[in-house]
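A.B. asks: Chain by chain, the residues run as shown.
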Amino acid sequence: MTLAPDTPPPPGDSAPIFGTHLFDGCAAAKGYALNAMCFSFNEAANREAFLADEDAYCQRYGLNSEQLDAVRARNVLAMIEAGGNIYYLAKLAGIFGLNVQDVGAQQTGMSVDEFKAMLLAQGRKAGED
Amino acid sequence: MTLAPDTPPPPGDSAPIFGTHLFDGCAAAKGYALNAMCFSFNEAANREAFLADEDAYCQRYGLNSEQLDAVRARNVLAMIEAGGNIYYLAKLAGIFGLNVQDVGAQQTGMSVDEFKAMLLAQGRKAGED
Amino acid sequence: MAQIIGGYFTSHVPAIGGAIVRGDQEEPYWKPFFDGFPPVREWLEAERPDVAVCFYNDHGLNFFLDKMPTFAVGAAHEYRNEDEGWGLPLFKSFAGHPDLSWHIIEQLVGDEFDVTTCQSMLVDHALSIPFELAYPEAQEWPLKLVPIAINTVQYPLPSAKRCLALGRAVHRALVSWQGAEKIVVIGTGGLSHQLDGERAGFVNPDYDRFCMDSLAANPEAICVDSTKEIVRKSGSQGVEILNWIAARGALGAAPARETHRNYHIPISNTAAATMLLETT
Amino acid sequence: MAQIIGGYFTSHVPAIGGAIVRGDQEEPYWKPFFDGFPPVREWLEAERPDVAVCFYNDHGLNFFLDKMPTFAVGAAHEYRNEDEGWGLPLFKSFAGHPDLSWHIIEQLVGDEFDVTTCQSMLVDHALSIPFELAYPEAQEWPLKLVPIAINTVQYPLPSAKRCLALGRAVHRALVSWQGAEKIVVIGTGGLSHQLDGERAGFVNPDYDRFCMDSLAANPEAICVDSTKEIVRKSGSQGVEILNWIAARGALGAAPARETHRNYHIPISNTAAATMLLETT
Ligand SMILES: [Fe+3]
Ligand SMILES: [Fe+3]
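Residue numbers (the UniProt record's numbering), protein chains in the order written: chain R, 1 to 129; chain P, 1 to 129; chain W, 1 to 280; chain D, 1 to 280.
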């Protein structure tokens with residue numbers, strides 16, 4: 001995978017950004033139920049209720065089938081595609097014991113070690129400049 | 001009582017407005033507990049809890065003694081002096097069966113009939129113009 | 001292309017809701033107010049707008065002092081009314097128009113309005129009553145809603161000038177909206193009244209007339225005063241004229257045509273007014 | 001008269017909280033980041049500010065999509081941290097400075113910033129970690145807090161230009177504040193990083209260096225880009241540079257003096273930076 005093929009950006013805001021999903025109104029409208037569920041995970045009791053019966057908890061928040069599948073598969077890119085916002089999804093990932101580096105690895109198709117090594121390599125490269 | 005001695009207002013915003021209490025930050029900081037309690041009265045169960053044990057309900061919201069006294073006395077001007085905001089106080093007044101005309105009468109020292117008559121008189125006067 | 005057909009402006013006194021439920025429209029106390037509505041209804045029946053953009057102020061149903069926005073724009077699929085605590089009837093829910101909401105929000109933030117976006121939002125009597133008055137027979141509302149709430153609770157309030165500018169930015173959004181909808185703009189609240197303090201019961205017909213006379217052709221005239229000066233002239237709740245000013249802005253900067261006006265004192269503590277402005 | 005002593009700017013990566021709790025400051029992975037703080041601490045020990053005005057972004061602790069403000073200003077007596085859901089340590093509470101908060105709010109609304117006022121407000125790691133880093137020995141915080149939250153969650157985000165203008169309006173408020181306090185400004189977040197999407201792990205040292213080089217003397221240079229362009233250059237969470245820009249604005253339009261800088265890749269997924277700017 002090529003990280004950030006940062007060719008000079010075309011002028012104007014219309015050009016998409018590689019591998020980047022801006023959480024705009026369209027995404028927000030699609031993802032409200034999923035994000036509302038994730039927001040509830042600020043409370044420990046809700047995290048426990050989710051762990052005790054994941055499907056029932058998802059149903060209570062009215063997740064659609066795309067969101068249900070993404071949650072069942074622990075697939076972060078699919079959650080984002082279904083309207084999830086990373087700030088809220090991180091709380092769900094936390095329940096699964098995943099930190100932002102685990103999540104980064106999953107989304108980029110790397111192992112966690114590869115993902116960490118990629119970041120360290122960027123640090124070394126920046127230091128060489 | 002003279003209503004609205006509407007002499008030409010002096011320039012600038014510093015001049016006070018007769019009988020008018022702007023709900024600014026100072027009032028808001030003072031009145032937060034009282035207003036929070038009144039906001040809770042959007043829910044019927046909370047209105048019932050207040051009616052069942054008024055003092056206990058006020059304590060739960062941490063009203064200070066000035067606010068407690070004002071609520072016990074059903075004294076709207078004292079509630080405003082204690083930082084209450086009319087939009088929230090109206091919900092408390094509603095529990096006591098008071099509408100905005102009852103509240104207006106109390107604050108102006110009129111009977112409710114006098115207060116209503118005063119408004120009708122203003123309507124007649126405006127119609128004569 | 002969307003079409004902005006014009007706007008109506010009306011007081012939203014809670015007692016109106018009670019009068020509607022009781023069927024008091026023909027009672028001598030209420031008739032002079034309700035008589036202001038047939039021309040609005042006829043216009044709406046002829047025009048049949050698909051969406052309403054409604055400027056109002058929340059009275060402590062959806063917003064509390066923990067998060068009090070200067071300007072809040074609804075972007076929900078549905079807007080429900082709920083118990084406000086004083087025995088008001090429960091009003092019907094509204095279907096939202098999230099796509100148009102987001103289009104407006106993009107314009108507003110792009111134009112440096114620092115709005116709060118609300119993807120879940122309860123609407124109170126100040127929003128519902130103007131629809132009850134305009135569509136008395138409706139089983140469900142025949143149009144979708146974009147609600148925009150202006151802070152009239154916690155000082156400092158936005159200036160009238162800022163509210164007019166907000167409305168004009170909404171107008172730019174409506175003009176560039178690619179949908180085919182007919183859009184009606186609504187401003188609710190006022191006119192002069194005061195509920196709290198020793199000046200409770202204050203009304204000011206001269207100032208109200210000035211506002212009504214200025215609205216169609218010269219709304220800037222109302223925006224000369226500071227918010228505090230408006231309170232001085234209009235009463236502490238008379239400041240709800242800010243909603244009218246923003247709604248007027250949403251009709252655009254060109255003069256509008258005043259096609260109807262009704263003014264009556266009192267409804268409850270309020271100098272009540274209804275106006276209809278059509279775009280030219 | 002109040003005195004604005006300057007500001008510090010730092011990343012707020014959640015993992016820093018874990019490293020502090022574990023005492024990992026001297027571990028090889030963490031040391032290059034924590035080594036950026038002694039100069040900040042020495043400066044704060046010498047200056048002993050009484051109040052912090054802190055620009056940050058909430059990560060879903062205090063704000064949800066039902067009421068998402070572009071700009072929110074705290075006006076509470078106390079700000080608590082609470083469980084954010086990922087096992088972060090609970091951070092200490094802050095005493096507020098409501099009088100200064102309201103003074104700032106009056107200035108902002110008067111200057112046509114449409115802020116949301118928050119008289120009850122939880123603060124998350126993005127606010128707490130910069131204090132943990134600057135006051136590692138504190139049993140309780142030795143200064144009061146005015147928190148200002150900038151929306152980096154829900155698009156459209158405010159532009160960098162708007163954030164700089166917000167900060168400059170805060171600066172005007174601080175200059176006119178009649179208290180005798182010493183005030184420190186804090187900007188938190190960034191620098192380049194991206195948590196979500198196929199580009200997760202993206203950092204951009206060239207852009208970060210441009211931002212750091214511009215901050216003291218020419219913050220306008222960072223404000224030329226649209227928010228989306230900043231995301232392109234900086235990553236989807238790199239957009240937290242908006243907090244830095246607003247904080248820089250609060251130091252005033254005059255050039256500031258950069259007295260310290262630290263930059264290190266990576267902390268977690270982030271290009272982490274710490275800067276100290278003193279007013280001249
Ligand atoms: Fe009202
Ligand atoms: Fe962050």
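It is possible that some hints are incorrect.
To give an idea of the interface, some chain D residues facing chain W are shown, with a C-beta separation under 7 Å as derived from the structure [unchecked claim]:
| hint | residue |
| --- | --- |
| 1 | E112 |
| 2 | T116 |
| 3 | F210 |
| 4 | S214 |
Because the hints were derived from the structure by calculation, they are not lab data. Yeah, the Cβ is synthetic: ideal placement off N, Cα and C, and Gly gets one too.
A.B. asks: If a hint holds in the structure, say so; if it doesn't, say that too.
C.D. replies: Hints, verified against the model:
A distance limit of 7 Å between C-beta atoms decides the matter here; for D:E112 the minimum to chain W is near 5 Å, and the interface restraint holds. Hint status for D:T116: holds, given a least beta-carbon distance of 4 Å to chain W, under 7 Å. Given the 7 Å rule on beta carbons, the hint for D:F210 is violated: about 24 Å separates it from the nearest Cβ of chain W. With a least beta-carbon distance of about 22 Å to chain W, the hint placing D:S214 at the interface is violated under the 7 Å criterion.
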